[in-house]
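With the sequences and hints as input, model every part of the structure.
2 protein chains.
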Amino acid sequence: MAKRVGRYTIQMEKMPSINGFAAVCGKKEAEGPLGQYFDYTFDDTTLGEDSWEKAESQLQTESVNKALEKAGIIASEVDYIFAGDLLNQCISSTFGLRSLDIPFLGQYGACSTMAQTLALSSIMVETGVANNCIAVTSSHFCSAERQFRFPLEYGGQRTPTAQWTVTGSGAIVVGSGKGPFVSAVTIGRMIDLGIKDANNMGAAMAPAAASTLMDFFNDTSTGPENYDLILTGDLGEVGSKLLLELLERENIDIAGKHSDCGLLIYHQKEQDVHAGGSGCGCSASVLCSVILNKLRQGELENVLFMATGALMSPTSSQQGESIPSVAHLIYLKRNM
Amino acid sequence: MAKRVGRYTIQMEKMPSINGFAAVCGKKEAEGPLGQYFDYTFDDTTLGEDSWEKAESQLQTESVNKALEKAGIIASEVDYIFAGDLLNQCISSTFGLRSLDIPFLGQYGACSTMAQTLALSSIMVETGVANNCIAVTSSHFCSAERQFRFPLEYGGQRTPTAQWTVTGSGAIVVGSGKGPFVSAVTIGRMIDLGIKDANNMGAAMAPAAASTLMDFFNDTSTGPENYDLILTGDLGEVGSKLLLELLERENIDIAGKHSDCGLLIYHQKEQDVHAGGSGCGCSASVLCSVILNKLRQGELENVLFMATGALMSPTSSQQGESIPSVAHLIYLKRNM
Numbered sequence: 001m002a003k004r005v006g007r008y009t010i011q012m013e014k015m016p017s018i019n020g021f022a023a024v025c026g027k028k029e030a031e032g033p034l035g036q037y038f039d040y041t042f043d044d045t046t047l048g049e050d051s052w053e054k055a056e057s058q059l060q061t062e063s064v065n066k067a068l069e070k071a072g073i074i075a076s077e078v079d080y081i082f083a084g085d086l087l088n089q090c091i092s093s094t095f096g097l098r099s100l101d102i103p104f105l106g107q108y109g110a111c112s113t114m115a116q117t118l119a120l121s122s123i124m125v126e127t128g129v130a131n132n133c134i135a136v137t138s139s140h141f142c143s144a145e146r147q148f149r150f151p152l153e154y155g156g157q158r159t160p161t162a163q164w165t166v167t168g169s170g171a172i173v174v175g176s177g178k179g180p181f182v183s184a185v186t187i188g189r190m191i192d193l194g195i196k197d198a199n200n201m202g203a204a205m206a207p208a209a210a211s212t213l214m215d216f217f218n219d220t221s222t223g224p225e226n227y228d229l230i231l232t233g234d235l236g237e238v239g240s241k242l243l244l245e246l247l248e249r250e251n252i253d254i255a256g257k258h259s260d261c262g263l264l265i266y267h268q269k270e271q272d273v274h275a276g277g278s279g280c281g282c283s284a285s286v287l288c289s290v291i292l293n294k295l296r297q298g299e300l301e302n303v304l305f306m307a308t309g310a311l312m313s314p315t316s317s318q319q320g321e322s323i324p325s326v327a328h329l330i331y332l333k334r335n336m
Numbered sequence: 001m002a003k004r005v006g007r008y009t010i011q012m013e014k015m016p017s018i019n020g021f022a023a024v025c026g027k028k029e030a031e032g033p034l035g036q037y038f039d040y041t042f043d044d045t046t047l048g049e050d051s052w053e054k055a056e057s058q059l060q061t062e063s064v065n066k067a068l069e070k071a072g073i074i075a076s077e078v079d080y081i082f083a084g085d086l087l088n089q090c091i092s093s094t095f096g097l098r099s100l101d102i103p104f105l106g107q108y109g110a111c112s113t114m115a116q117t118l119a120l121s122s123i124m125v126e127t128g129v130a131n132n133c134i135a136v137t138s139s140h141f142c143s144a145e146r147q148f149r150f151p152l153e154y155g156g157q158r159t160p161t162a163q164w165t166v167t168g169s170g171a172i173v174v175g176s177g178k179g180p181f182v183s184a185v186t187i188g189r190m191i192d193l194g195i196k197d198a199n200n201m202g203a204a205m206a207p208a209a210a211s212t213l214m215d216f217f218n219d220t221s222t223g224p225e226n227y228d229l230i231l232t233g234d235l236g237e238v239g240s241k242l243l244l245e246l247l248e249r250e251n252i253d254i255a256g257k258h259s260d261c262g263l264l265i266y267h268q269k270e271q272d273v274h275a276g277g278s279g280c281g282c283s284a285s286v287l288c289s290v291i292l293n294k295l296r297q298g299e300l301e302n303v304l305f306m307a308t309g310a311l312m313s314p315t316s317s318q319q320g321e322s323i324p325s326v327a328h329l330i331y332l333k334r335n336m
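Note that the protein sequences, when read in sequence, are chains U and P. Reading the first sequence from the start, the letters are residues 1 to 336 in this note's numbering. Reading the second sequence from the start, the letters are residues 1 to 336 in this note's numbering.
For the record, the hints were derived by calculation from the structure and aren't laboratory data. Incorrect hints may have been included.
Since the list can't tell identical chains apart, any single copy or any two copies may satisfy a pair.
To be verified - Listed below are the simulated DSSO-like cross-link pairs for lysine-lysine, each with C-alpha atoms no more than 27 Å apart in a straight line:
id, residue 1, residue 2
1, K269, K14
2, K257, K27
3, K241, K3
4, K269, K241
5, K14, K241
6, K294, K178
7, K3, K269
8, K3, K14
9, K3, K178
10, K269, K70
11, K333, K269
12, K66, K196
In this text the structure is predicted, and so the values were computed from the model without any measurement.
Dropping the structure here:
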């Protein structure tokens with residue numbers, strides 16, 4: 001049974017198993033270094049739909065259906081679906097998943113959503129409240145850009161610290177099985193150090209990542225040496241450097257262990273993505289492709305997956321607010 | 001320990017206890033029939049803040065602090081806070097709660113959020129994953145109106161089926177204690193019967209309420225006669241009538257047991273609210289005042305609280321989409 005370890009961490013004892021996972025992405029992601037790992041990629045950014053929002057919904061439909069297929073179960077065997085995204089009122093999730101007829105719990109964690117949905121799915125399975133849960137999220141460059149920044153037609157210039165929203169979705173089916181397993185979960189607190197630049201999300205989110213990682217290390221009396229990989233969601237180039245700096249001040253060196261999904265998904269220079277990838281779909285599609293594959297095949301054994309979210313809106317930024325951030329951590333293990 | 005009953009319902013065995021609850025509202029709500037029951041009401045719709053969005057955040061801060069005080073605990077004793085609201089990217093919750101330093105799980109269930117956050121808080125406490133959780137949500141007439149409909153200065157005409165967004169917040173501290181207790185929870189599936197009129201949310205949400213209530217009755221082999229009160233969130237006048245009609249077709253008569261928070265909170269005619277109150281803060285502030293007080297004092301013994309959410313956005317409506325809805329049910333008992 002799940003038990004609390006330290007102040008912030010939940011240790012799983014039955015160990016929820018990741019029985020199916022899938023990642024679907026767009027054209028730019030297909031052309032990136034992880035292209036071969038995605039279950040599907042779409043050349044047409046609209047996926048044949050008549051708006052980018054509907055296209056993003058379709059990404060969730062596709063990733064969930066593929067994850068179910070890979071888990072060998074059907075929708076009616078799933079007890080709860082935890083889903084969220086970046087769009088106002090989380091409409092990608094709603095419209096992408098409404099036909100599944102699965103009890104639905106909408107989540108909002110901005111780019112931390114993959115970790116948040118996976119954490120809650122794992123807790124529900126671990127405690128016996130559910131037999132099977134789905135965790136899913138998505139983002140789409142075009143729907144995000146026009147909602148958060150400028151109309152695409154405007155062709156706005158991007159600052160060097162800006163990141164590129166991933167067009168993609170990742171879905172995970174959690175149940176009982178042969179792994180990879182969710183071994184522990186640390187839910188983050190909101191951290192706000194006063195960053196106000198909405199074109200520098202990495203800087204806003206790095207302190208939340210540092211806080212949650214330190215909470216986990218403290219709670220479990222472990223350190224970077226105990227893990228193969230410490231994978232952040234979408235800190236990008238700026239945020240990753242800051243995370244390392246913040247941890248160094250606390251005498252924690254993760255340099256040899258750290259990767260960031262936002263730095264893995266694109267050929268950064270050639271694909272002109274500035275500080276890296278971002279969006280809920282960034283960590284979701286990286287986790288649900290290359291990372292979980294390597295965990296399943298034994299190329300990785302112990303991974304800390306930590307997705308970060310910037311909990312702002314265009315309105316809060318226009319009103320002069322800083323950017324509170326949050327990071328949730330999932331400890332993934334190949335074996336029990 | 002929590003166990004599943006039937007397909008959709010979770011029966012609590014340890015029974016999470018509502019140890020503190022608070023409701024804070026605005027001026028119009030103070031002038032309504034429940035005015036005396038709210039913990040605080042504010043004459044100034046800005047609460048002294050410089051925007052309505054910040055005012056709404058402040059409503060959450062106030063309700064959480066009051067609920068903590070009434071539960072006799074402090075923020076650092078709370079393991080998780082489940083919070084959400086209607087604003088884009090759920091900024092009322094983020095900015096209202098960031099200073100609490102409590103592990104934060106943002107929720108999006110539109111006007112079903114009070115039931116959703118209370119359901120998840122109860123599950124966490126029941127399963128021993130948490131000792132104390134907070135469930136909180138809010139809405140604000142002015143922030144909702146300008147985000148979902150028109151600038152307030154425009155003075156748009158309202159249709160007869162339109163509802164009035166409640167300015168208010170409700171917060172609940174769930175832990176171990178003397179009750180009232182959460183006895184069972186039914187998480188709803190999304191239902192979409194094709195309603196597209198964003199000024200008729202009641203009609204869009206009624207089928208979801210009917211679906212979840214029937215799930216609960218089926219799962220528990222009970223009927224309306226087993227409960228003192230069946231309280232929906234904000235179906236308003238139109239949706240309430242439709243709910244009764246939909247259930248009558250299934251030979252379920254809840255007429256003598258049903259109330260709707262949207263019909264309780266205002267003097268409907270005198271206060272010119274058309275089809276009734278709405279918004280996350282509607283069911284939250286009614287539940288967290290008069291209803292939980294009556295449960296505590298024994299005037300009510302068995303209550304089914306069912307908040308409904310319309311999972312649309314202005315963008316989805318503009319793109320011609322219908323309105324998927326969801327309803328989550330909480331079975332509240334005075335005694336174990």
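Hint-by-hint comparison with the structure:
1. Taking the shortest alpha-carbon separations for K269 and K14, neither the intra-copy value of 44 Å nor the inter-copy value of 56 Å comes in at or below 27 Å.
2. In this homomeric assembly, K257 and K27 never come within 27 Å of each other (Cα to Cα): the closest approach is 29 Å inside a single copy and 55 Å across copies.
3. In this assembly of identical chains, the alpha carbons of K241 and K3 never lie at most 27 Å apart, being 34 Å within a copy and 46 Å across copies at closest.
4. In this homomeric assembly, K269 and K241 come within 27 Å of each other (Cα to Cα) only inside a single copy, at 17 Å, whereas the closest approach across copies is 60 Å.
5. Proximity of K14 to K241 under the C-alpha cut-off of 27 Å is found in neither arrangement, the shortest distances being 36 Å within a copy and 47 Å between copies.
6. Taking identical chains as interchangeable, the C-alpha atoms of K294 and K178 lie at most 27 Å apart only when both belong to the same chain, with a minimum of 14 Å there against 49 Å between chains.
7. Proximity of K3 and K269 under a CA criterion of 27 Å is satisfied in neither setting, with 45 Å inside one chain copy and 53 Å between copies.
8. For the homomeric pair K3 and K14, the shortest alpha-carbon distances inside one copy (11 Å) and between copies (17 Å) are both at most 27 Å.
9. In this assembly of identical chains, the alpha carbons of K3 and K178 lie at most 27 Å apart whether taken from the same copy (21 Å) or from different copies (24 Å).
10. Taking the closest pair of Cα atoms, K269 and K70 never come within 27 Å of each other, the shortest separation being 34 Å inside a single copy and 56 Å across copies.
11. Within a single copy, K333 and K269 get their C-alpha atoms no closer than 33 Å, and across copies no closer than 60 Å, so neither meets the 27 Å cut-off.
12. Proximity of K66 and K196 under a CA criterion of 27 Å is satisfied in neither setting, with 39 Å inside one chain copy and 30 Å between copies.
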